[in-house]
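**Q** One-letter residues, chain by chain:
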Amino acid sequence: MADQKKKKLTPVQQEYQEMAKRIEPPRPVWRNCLFAFLVGGFICLVGQALMQLFIRFGFTEKTASNPTVAVLIIISVILTSMGVYDKIAQWAGAGTAVPVTGFANSMCSAALEHQSEGYVLGVGSNMFKLAGPTIVFGTVAAFIVGIIHVIIYPGGH
Amino acid sequence: MLAGHQTWKFVNPPVIVSTATVVGPEEGKGPLGDHFDIVHEDMTLGQDSWEKAERKLMEEAATLAIENAKLTKERVKFFVGGDLLNQIISNSFAARTLSIPYIGVFGACSTSMESLALASLIVSSGAADYAMAGTCSHNCTAEKQFRYPTEYGSQKPPTAQYTVTGAGAAVLAREGDGPVVTAATIGRVVDMGITDPFNMGAAMAPAAVDTIQAHLRDLGIEPDHYDLIVTGDLASVGYKIAVELFAKHGVPIRKTRYYDCGLMIYDLDKQPVQAGGSGCACSAVVAYGHLLKRMRAGELKRILVVATGALLSPLSYQQGESIPCIAHAVAIESGVDA
Chain S
1265 MADQKKKKLT
1275 PVQQEYQEMA
1285 KRIEPPRPVW
1295 RNCLFAFLVG
1305 GFICLVGQAL
1315 MQLFIRFGFT
1325 EKTASNPTVA
1335 VLIIISVILT
1345 SMGVYDKIAQ
1355 WAGAGTAVPV
1365 TGFANSMCSA
1375 ALEHQSEGYV
1385 LGVGSNMFKL
1395 AGPTIVFGTV
1405 AAFIVGIIHV
1415 IIYPGGH
Chain R
9 MLAGHQTWKF
19 VNPPVIVSTA
29 TVVGPEEGKG
39 PLGDHFDIVH
49 EDMTLGQDSW
59 EKAERKLMEE
69 AATLAIENAK
79 LTKERVKFFV
89 GGDLLNQIIS
99 NSFAARTLSI
109 PYIGVFGACS
119 TSMESLALAS
129 LIVSSGAADY
139 AMAGTCSHNC
149 TAEKQFRYPT
159 EYGSQKPPTA
169 QYTVTGAGAA
179 VLAREGDGPV
189 VTAATIGRVV
199 DMGITDPFNM
209 GAAMAPAAVD
219 TIQAHLRDLG
229 IEPDHYDLIV
239 TGDLASVGYK
249 IAVELFAKHG
259 VPIRKTRYYD
269 CGLMIYDLDK
279 QPVQAGGSGC
289 ACSAVVAYGH
299 LLKRMRAGEL
309 KRILVVATGA
319 LLSPLSYQQG
329 ESIPCIAHAV
339 AIESGVDA
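If you read the sequences in order, they're chains S and R. If you count the first sequence from 1, you need to add 1264 to reach the working numbering. If you count the second sequence from 1, you need to add 8 to reach the working numbering.
Honestly, I wouldn't trust all of these hints.
Each computed EDC-like pair below joins lysine to aspartate or glutamate, with the alpha-carbon atoms no more than 20 Å apart [stated by the list, open to error]:
| no. | chain 1 | residue 1 | chain 2 | residue 2 |
| --- | --- | --- | --- | --- |
| 1 | R | K256 | S | E1279 |
| 2 | S | K1272 | R | E329 |
| 3 | S | K1351 | R | D50 |
| 4 | S | K1393 | R | E151 |
| 5 | R | K60 | R | D50 |
| 6 | S | K1285 | R | E252 |
| 7 | R | K60 | S | E1381 |
| 8 | S | K1272 | R | D204 |
| 9 | S | K1285 | R | E329 |
| 10 | R | K263 | R | E230 |
| 11 | S | K1285 | R | D204 |
| 12 | S | K1272 | R | D199 |
| 13 | S | K1351 | R | D277 |
| 14 | R | K309 | R | E183 |
| 15 | S | K1285 | R | D199 |
| 16 | R | K256 | S | E1282 |
| 17 | S | K1351 | R | E49 |
| 18 | S | K1351 | R | E151 |
| 19 | R | K301 | R | E183 |
| 20 | S | K1351 | R | D275 |
Keep in mind that the hints were calculated from the coordinates and are not lab data.
Construct all of the structure, not just a fragment, from the sequences and the given hints.
**A** Here it is, written out as structure tokens:
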């Protein structure tokens, strides 16, 4: 794909892009990876602590995950509404995007942003603008994995 | 009138009798904060949507510019304006409030100088005694339309730029006191095949260089004709590329001072703006607020403002199209020796 695009460029464009690439500051990939690992890990740690707490209050290991996720989502939504989540995310990158908090942020931010267009055309139709692809491709992936599972183990299990 | 291929040399140079700039909190905190007429502490300006806030910025700047010129809006015959939003709603709706005959233009972030060039042409040709040019942008409306919701947690790369919240307006007159617009060069659309909307500086730099070269060629002058040449919003990445392109094309830009409004408006080390500022208001508020004030104070005699614009839409880049760019240059001289 990238090569195909390159081929369409004129020599002048190619030369320019090479020059521009040289001047552009590169993305700090290693720093981003490290912060993503630490922050993402921290969020998971908080999740685990919450889960242990719920187990102590009489939930089983299976049922405790639901209230845990709910608490993380609420925290994320509150931070998004207060306008802090995006500032943490600029610093943490994938660390705040990958866990469930990122999903909550994507829905909450879109809902907040489009509130000015009303509840139906604004909030309703834009809430899944960013989260929608995750759901669509998550479902498609689950479907494909399901079919593979059926082919490998025709009798179930 | 026409000089060379794409430059207007004004025989009756229109006078910029007044300007007005209105900005948001982040711009107020920047190094040029004191030079703006109104600094808002609240991004919403007390409005219930970002779009209305942007419109309010434009209305305030336009009203103040007319007031500063000691005119009434009935005497300003035409208002040339544009902005970044779809169907340029901020300016069109502001023009509804102002009820001044209105020409809506779109040149993305180059709109500031595009509107100034057109308004100058109107006044210089005698089509009106007074005309006004204006433009505005708002960080949140630009984020909402071109990128993600404002509160969405996405990590911006170091090449990204921060859209300026603000509006600038200038009133031009056939005669009066103030700096005069002597020439304007209308740019060509240049596309170097850059597709990354988080790297506007690199996309726009060739357009800026192309227009500056055309301007110098058409008027038969060297860069040192000007005390200062500024580009609109190339920011740190585009600025470095532009400097290198000038060297490559043999333009002696080092003979004069060359800078970029996107680097002047913020303190890059302290403010979270990545590569620097962008947006229609970036060049408008820096030129109308900071630079023209310095001209009136006699610190600058001749300047060339080159506003740069990326003519993309969210649809075009999602469909994988590259980013076409444009730049318009306007030469301003202090009225004293003109």
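**Q** For the pair we were handed, K1272 of chain S and D204 of chain R, check the Cα-Cα distance against 20 Å.
**A** Distance of about 16 Å is within 20 Å: holds.
**Q** Holds or violated: are the alpha carbons of K1351 of chain S and D277 of chain R at most 20 Å from each other?
**A** Between K1351 of chain S and D277 of chain R the Cα gap is close to 16 Å, so the pair holds against 20 Å.
**Q** Need the status of pair K1285 of chain S, D204 of chain R: alpha-carbon distance at most 20 Å?
**A** Holds, at roughly 12 Å.
**Q** Does the alpha-carbon distance linking K263 of chain R and E230 of chain R stay inside the 20 Å limit?
**A** 9 Å, holds
**Q** Taken at face value, is the distance from the CA of E329 of chain R to the CA of K1272 of chain S at most 20 Å?
**A** Roughly 12 Å between the alpha carbons, so the hint for K1272 of chain S and E329 of chain R holds.
**Q** Please verify whether K60 of chain R and D50 of chain R have alpha carbons no more than 20 Å apart.
**A** 13 Å, holds
**Q** When you check the alpha-carbon spacing of K301 of chain R and E183 of chain R, does it fall within 20 Å?
**A** 19 Å, holds
**Q** Below or equal to 20 Å on CA atoms is what counts here, so check K1285 of chain S against D199 of chain R.
**A** Roughly 16 Å between the alpha carbons, so the hint for K1285 of chain S and D199 of chain R holds.
**Q** K1351 of chain S and E151 of chain R were given as a pair; does the straight-line alpha-carbon distance stay at or below 20 Å?
**A** 14 Å, holds
**Q** If you draw a straight line from the CA of K1393 of chain S to the CA of E151 of chain R, is it 20 Å or shorter?
**A** Holds - the C-alpha atoms of E151 of chain R and K1393 of chain S are around 14 Å apart, at most 20 Å.
**Q** Checking one constraint from the list: CA of K309 of chain R to CA of E183 of chain R, max 20 Å. Satisfied?
**A** Given pair K309 of chain R, E183 of chain R holds - Cα atoms ~19 Å apart, limit 20 Å.
**Q** With a cut-off of 20 Å on the C-alpha distance, tell me whether K1272 of chain S and D199 of chain R pass.
**A** 13 Å, holds
In the structure shown, no violation is registered for any of the earlier numbered hints.
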